[in-house]
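Here the protein sequences line up with chains G and Y, keeping their order.
Residues 245 to 449 (this note's numbering) are what the first sequence spells out, left to right.
Residues 245 to 449 (this note's numbering) are what the second sequence spells out, left to right.
Incorrect hints may have been included.
[To be verified] These stretches of chain G come out as covered by chain Y in the derived footprint (C-beta under 8 Å, 3 or more residues):
(1) 284-296
(2) 312-324
(3) 328-338
[As the list claims (entries may be wrong)] Mimicking SDA-like on lysine to any residue, the simulated pairs with C-alpha atoms at most 25 Å apart in a straight line are:
(4) K281(G) - T259(G)
(5) K320(G) - K320(Y)
(6) K320(Y) - G286(G)
Because the hints were derived from the structure by calculation, they are not lab data.
Quick reminder that beta carbons are idealized off the backbone N, C-alpha and C, glycines included.
2 protein chains.
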Amino acid sequence: MVIKLMAVTDDTHDTSDLLRILVEIHPYVDHVQIREKQKPAGLVYQLCRELLEEGLPVQKLWLNDRVDVALLLGLKQVHIPGQGLPLEELKKLYPDLRIGAPVHSLEEAVQAEAAGVAYALYGHCFSTASKKGKSPQPLANLGSIRQNIRIPLYGIGGIDVERLVSLKALELDGVAVMSGIFSAKDPLSAVKKLREECLRLDEIQ
Amino acid sequence: MVIKLMAVTDDTHDTSDLLRILVEIHPYVDHVQIREKQKPAGLVYQLCRELLEEGLPVQKLWLNDRVDVALLLGLKQVHIPGQGLPLEELKKLYPDLRIGAPVHSLEEAVQAEAAGVAYALYGHCFSTASKKGKSPQPLANLGSIRQNIRIPLYGIGGIDVERLVSLKALELDGVAVMSGIFSAKDPLSAVKKLREECLRLDEIQ
Numbered sequence: 245m246v247i248k249l250m251a252v253t254d255d256t257h258d259t260s261d262l263l264r265i266l267v268e269i270h271p272y273v274d275h276v277q278i279r280e281k282q283k284p285a286g287l288v289y290q291l292c293r294e295l296l297e298e299g300l301p302v303q304k305l306w307l308n309d310r311v312d313v314a315l316l317l318g319l320k321q322v323h324i325p326g327q328g329l330p331l332e333e334l335k336k337l338y339p340d341l342r343i344g345a346p347v348h349s350l351e352e353a354v355q356a357e358a359a360g361v362a363y364a365l366y367g368h369c370f371s372t373a374s375k376k377g378k379s380p381q382p383l384a385n386l387g388s389i390r391q392n393i394r395i396p397l398y399g400i401g402g403i404d405v406e407r408l409v410s411l412k413a414l415e416l417d418g419v420a421v422m423s424g425i426f427s428a429k430d431p432l433s434a435v436k437k438l439r440e441e442c443l444r445l446d447e448i449q
Numbered sequence: 245m246v247i248k249l250m251a252v253t254d255d256t257h258d259t260s261d262l263l264r265i266l267v268e269i270h271p272y273v274d275h276v277q278i279r280e281k282q283k284p285a286g287l288v289y290q291l292c293r294e295l296l297e298e299g300l301p302v303q304k305l306w307l308n309d310r311v312d313v314a315l316l317l318g319l320k321q322v323h324i325p326g327q328g329l330p331l332e333e334l335k336k337l338y339p340d341l342r343i344g345a346p347v348h349s350l351e352e353a354v355q356a357e358a359a360g361v362a363y364a365l366y367g368h369c370f371s372t373a374s375k376k377g378k379s380p381q382p383l384a385n386l387g388s389i390r391q392n393i394r395i396p397l398y399g400i401g402g403i404d405v406e407r408l409v410s411l412k413a414l415e416l417d418g419v420a421v422m423s424g425i426f427s428a429k430d431p432l433s434a435v436k437k438l439r440e441e442c443l444r445l446d447e448i449q
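Assemble the whole structure, with the sequences as input and the hints as a guide.
In C-alpha cells, the structure reads:
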C-alpha cells in the first residue's frame, strides 16, 4: 500500500499565500491539515471556506484544534492536539466527527483507539526545526504500536524524502509533513518528490 | 441603575491561580469573561468546568472566542473577539447562543445589534497597558452609540475606580475590567473597591 501523505500547515504564511500553495499541492497529497495556531478563528474559517470553494475535496481536509470552525463549515474531520479538547466528551457530543490525535507511546496509542479516534499521529520521529531542543520519540516504539492498534498510524516530525524508507519499513499508513513542505522554497516540487518516493517505495516492496 | 461589572481574565495567571482568584471575586461582579488566549483549549475547558463546580453561577460566565469549549460544557454565553468566528453564521447555527461583541464605532455597534448580539463592548476607553501605543477610542462616540442601540453597552480599557464616574455619566450599562483586577496585587480588594464605587455612583445620581 502506498504511504499516505498529509500536508500540515506551519502557521508561517499569510492566508492568501497559504491558499495559493494549498491549491497547488492538494492534488498530490491525501490529506491537508490546517494548523494555523496563531491566526484568529475568523481567518481560519475564511481560509477553509475559500479552500473548499477553490476545489479542495472536503474529505482531504482536517482542521487542527478549532472544532467550532469545523462545525460552522460542516466539516467532519478535526485533529485534536495535545491539551486540546477532551476526546471522549467530543465523541459523545459529536459521534460523527472524525478525530485525529497525536500519540507519543504505545499506551497513548491504545487509549486513542479506545476513545474512537480516526488515526494516531506518532512523533516527532526525527529531529526537526519545529521541535528544536526536543529529542525525537524512539522509532522502535512504532513496531509495538503498529501491532497493537488497528486504526491508521501516521508519523510526523522531520520527515523528508530520504527518511520515508524507514517509516515504510515500520509499516506506517502515512506520514504528516510540515516544514518539509511549507518551509521549502518550492512547496509544489517538495510535495511531488515526496509523492514519487511514496510510489517508488510501494513498487520495490 | 447600578453599573454592571465584568471581570475579564488577562491570560497572565496559571489556571490554579486563576481559579482561586475567580472563586474569591465572583460574588462581587455581574459577569466573568474567561479570556485565556494563549492557553490550550483543554485547559480552558478544565478551568471552566472547575469554576462551575466551585460555585460560579453559570449565568455569570462568558467564554471568549472558544465556542467549541462552550458547546462541550453546555455554556450559552460567549464573547466573540474581532476577527473571531463570523457572528451571523454563529447565530444561524446556534440561535440560543448569547454573544457579546467588541465595537469601535457607531456603525459597528449598529451592525452588532442587527446581528443579534447580547451586548456591545466599546473600547478601549482609556489608555491601558494591554493596548500599549494605541490611542483610546473617543469617549464622545459613546453618546451617539447609546442613543442608537438598545442592547446593553459596556466599556472596556483602562477602567479604574476614578474613571467610573465619566462612564456612568455616559449612561453605560456596564464596564469590563481586565488589568485593573487581574494585575492588581489584591484582586479581591480591587473588585470590592470597583463595586463600592458602582453602588456609590448609583446613589448620588
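Hints the structure violates: just list their numbers, smallest first.
none
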